[in-house]
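Asks: Take the given structure of chain E and dock chain L to it, following the hints.
There are 2 protein chains.
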Amino acid sequence: MGCDMDIFLGAKNASREFSSVGSNKKDELLMKISELIDKQRKFILTENAKDIDYAVKNSLKESLLDRLLLNEKRIDSMINGVMEIQKQDDPVGSIEMGTTRPNGLIIEKIRVPLGVVGIIYESRPNVTVDAAALCIKSGNVCILRGGKEAVHSNLALGKIIKDAIISANLNEYIVNVVEDPNREFLNKMLKAKGFVDLIIPRGGESLISYVTEHSLIPVIKHDKGVCHVYIDNFALKDMAINIALNAKVSRPGVCNAMETLLVHHAVANEFLTEMVEIYHNNSVELVGCKRAQKFNHVKPATEDDWYTEYLSLKLSIKVVDSLYEAIDHINKYGSGHSEAIVTENYSNAMEFLKRVDAAAVYVNASTRFTDGGEFGLGAEVGISTQKLHCRGPMGVKDLTTTKYIIFGNGQVRV
Amino acid sequence: MGCDMDIFLGAKNASREFSSVGSNKKDELLMKISELIDKQRKFILTENAKDIDYAVKNSLKESLLDRLLLNEKRIDSMINGVMEIQKQDDPVGSIEMGTTRPNGLIIEKIRVPLGVVGIIYESRPNVTVDAAALCIKSGNVCILRGGKEAVHSNLALGKIIKDAIISANLNEYIVNVVEDPNREFLNKMLKAKGFVDLIIPRGGESLISYVTEHSLIPVIKHDKGVCHVYIDNFALKDMAINIALNAKVSRPGVCNAMETLLVHHAVANEFLTEMVEIYHNNSVELVGCKRAQKFNHVKPATEDDWYTEYLSLKLSIKVVDSLYEAIDHINKYGSGHSEAIVTENYSNAMEFLKRVDAAAVYVNASTRFTDGGEFGLGAEVGISTQKLHCRGPMGVKDLTTTKYIIFGNGQVRV
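Note that the protein sequences, when read in sequence, are chains E and L. So for the first sequence, the working numbering puts the first residue at 1; every next one is plus one. So for the second sequence, the working numbering puts the first residue at 415; every next one is plus one.
Only chain E is shown next, with the shape it has when bound in the complex (with noise of 0.2 Å):
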């Protein structure tokens, strides 16, 4: 493995030091970071213009493009997320539990860091910053493998943050920015047992997908957002309407926008006849059942349909006869991310909170809150749609696990 070893090997031994060095070393390690970044933001535009480049000679998608530019607004926004994470809390060293048992050993479950992180993601740049700056707060060790489309963009702020390691006096192997254009290092990181504590892949199906099958490390997935608004015989029109356009026209390339309208039938005739024409003017491409059908600009919707993430102006939309056709269509084809109810009837809402299975569940608001930030917990990882560990916003503290110490006096167990 040579040099990939290496990396493995450093990221291994220098999270054993780095997972005790305390909270204003690691501070100082951001702010130095965030500082380099403003002071090296030509080198950042230079390197990052060589990405672009690549892609528009490569005729690569207009939204890919969007997402791998860096400009003097983004910098300064990932210098901000630096800072937003430095003032977090570190969850390092908290003790989550502790008590006296009767022979007297005293236990405590304190917070630790993981070890070493291995995060695999695709074309913005600012997750590098991120993600480092994440695993920093978080005394974790992190291996970062970028997409091969923005791979001077990454390997620029890697620099950039080795650089504040190096002057911060820190061991240098703390972030590791890895190039990776074939998959090679990718495949070895995933069968690095006892160097890689963690992998969280980042980004369309097929990556997840190729790393939950060939990873002999546990695996948090950040997967595909099919979201549903359910608008319920009960619910009020306007708020009915508020809803499921911000739910799919605020921004409908994230993760926690709607993908299917479903609607009670006894509301479907005065809710879409509005809503269609609003969808319509919205630019919205609308695909639907047999009964949505019967609404001006819905075409026939296939079942492929229904489990499908558009991350664009199209929805499907379907009309059930109950409230639990809408939880069962949900618990079927949803992908456990963020699903709501629209409704004033209290009884409805509160058997949608507890029967619909997802990270999160919404009476009466939009989907699109889910969300790190507008939940309060500062920055986030991504969205974990899985149910082990950590479900939901990924912050800091789940960046962490626990280690149970006990204080003895020469107890032993009969």
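A hint or two may mislead.
[What the hints assert, rightly or not] Pulled a few chain E residues facing chain L out of the computed Cβ check, cut under 8 Å:
#1 I243
#2 N246
#3 I406
[Said to hold, decoys possible] As a list, the in silico DSS-like pairs of lysine-lysine whose alpha-carbon atoms are at most 27 Å apart:
#4 K332(E) with K523(L)
#5 K57(E) with K25(E)
#6 K426(L) with K354(E)
If you are wondering where the hints come from, they were derived from the structure by calculation, not from laboratory data. Computed from a prediction, not measured in an experiment: that's the story for all the values here. Backbone N, C-alpha and C define an ideal beta-carbon position, used for all residues, glycine too.
Replies: Frame of chain E, contents of chain L only:
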């Protein structure tokens, strides 16, 4: 998949209902199970005798026979186990965090069952009852796949549990005990994405590796325990002897027993001269490093020895030059289970607690205390040696996940 698919689908559907069944109903079911086990003692013993017969005819190991065997006393302790679990707090529905955001959204993080839990285990039939009871208490549906050597006992216990479920008017798929002599079912379960939420393998290294490599579903490993006791140069001799003896001989076949003893060179002569004789008198076979071989009864250890979980009256001994050599040895060869230092030196104790990377780290106590009951957590599914989701004894609460529920009054995101 035919019949197997019915189990996965049946289990998933059952979990949708069972996750919102209240504590009273779940406790009633646990009570019924303990009553039925008591009534059906004869049936259990008859079926167990078939497994014992098979084991004797196939000359299975004595230690396996002992683990397989059920008798009146072991049935008593099965019943007590269920009653203990029934008395524990129900974690489902507890509110972990709650806040009102500036925009008026009320956000709560509540504890919910995981859904469907697959448990893979070997030999001991009481695991069937323990695992079922823990899953019931935490609102989970379980699929229990025991070893083929215990199939009659496990199916008998599964039938009794199913009878109790039916008489409590609950869905019969809440507990599913399956027969799987050739890993056919196991292989299907490891791929049953969308139906099974968690896989817990309990057993030997090869079973656990197999599951980790082939599973598409998140796994919580209950891996081996290569546990160490380090006798520091500031240890009290009598305490060191007590702990080093207890950690090895009190129950050598369990995962929290010590496998390697580390001794600071400055006290090696005084401590080991006496200790090796005590081990010898307790029938402990000794292997060790060059310096340890100078003492009576100590044969040479191989590199493999340091990685080995003997689970028997065998011990490897290493003389080290410093606290840090001990810590490095543990972090390299240990399995992250339970580690202890014996010392009167405050700074050495704190360094050891901080730098050793394991689920439980002890000062001046035997490693043998790592156990849900001893930690005051109640019954456990096992001891997790991984860092994700839960680490150390895995109790009822660790069989749950969380869900954000959000109460709005029409909020949309700007």
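Asks: If a hint holds in the structure, say so; if it does not, say that too.
Replies: How the hints compare with the structure:
Checking I243(E) against chain L: minimum C-beta separation of about 6 Å stays under 8 Å; hint holds. Interface restraint check for N246(E): the shortest CB-CB distance to chain L comes to about 4 Å, inside 8 Å, so the restraint holds. For the restraint placing I406(E) at the interface with chain L, the shortest Cβ-Cβ distance is roughly 5 Å, inside the 8 Å limit, so the hint holds. In summary, the hint linking K332(E) to K523(L) is supported, as the alpha carbons are separated by about 23 Å, within the 27 Å threshold.
Between K57(E) and K25(E), the direct Cα distance comes to roughly 44 Å. Violation of the 27 Å bound is thereby established for this hinted pair. A C-alpha spacing of about 16 Å is found between K426(L) and K354(E), which places the hinted pair at or below 27 Å, so the restraint holds.
Violated hint for the displayed structure: number 5, the only one.
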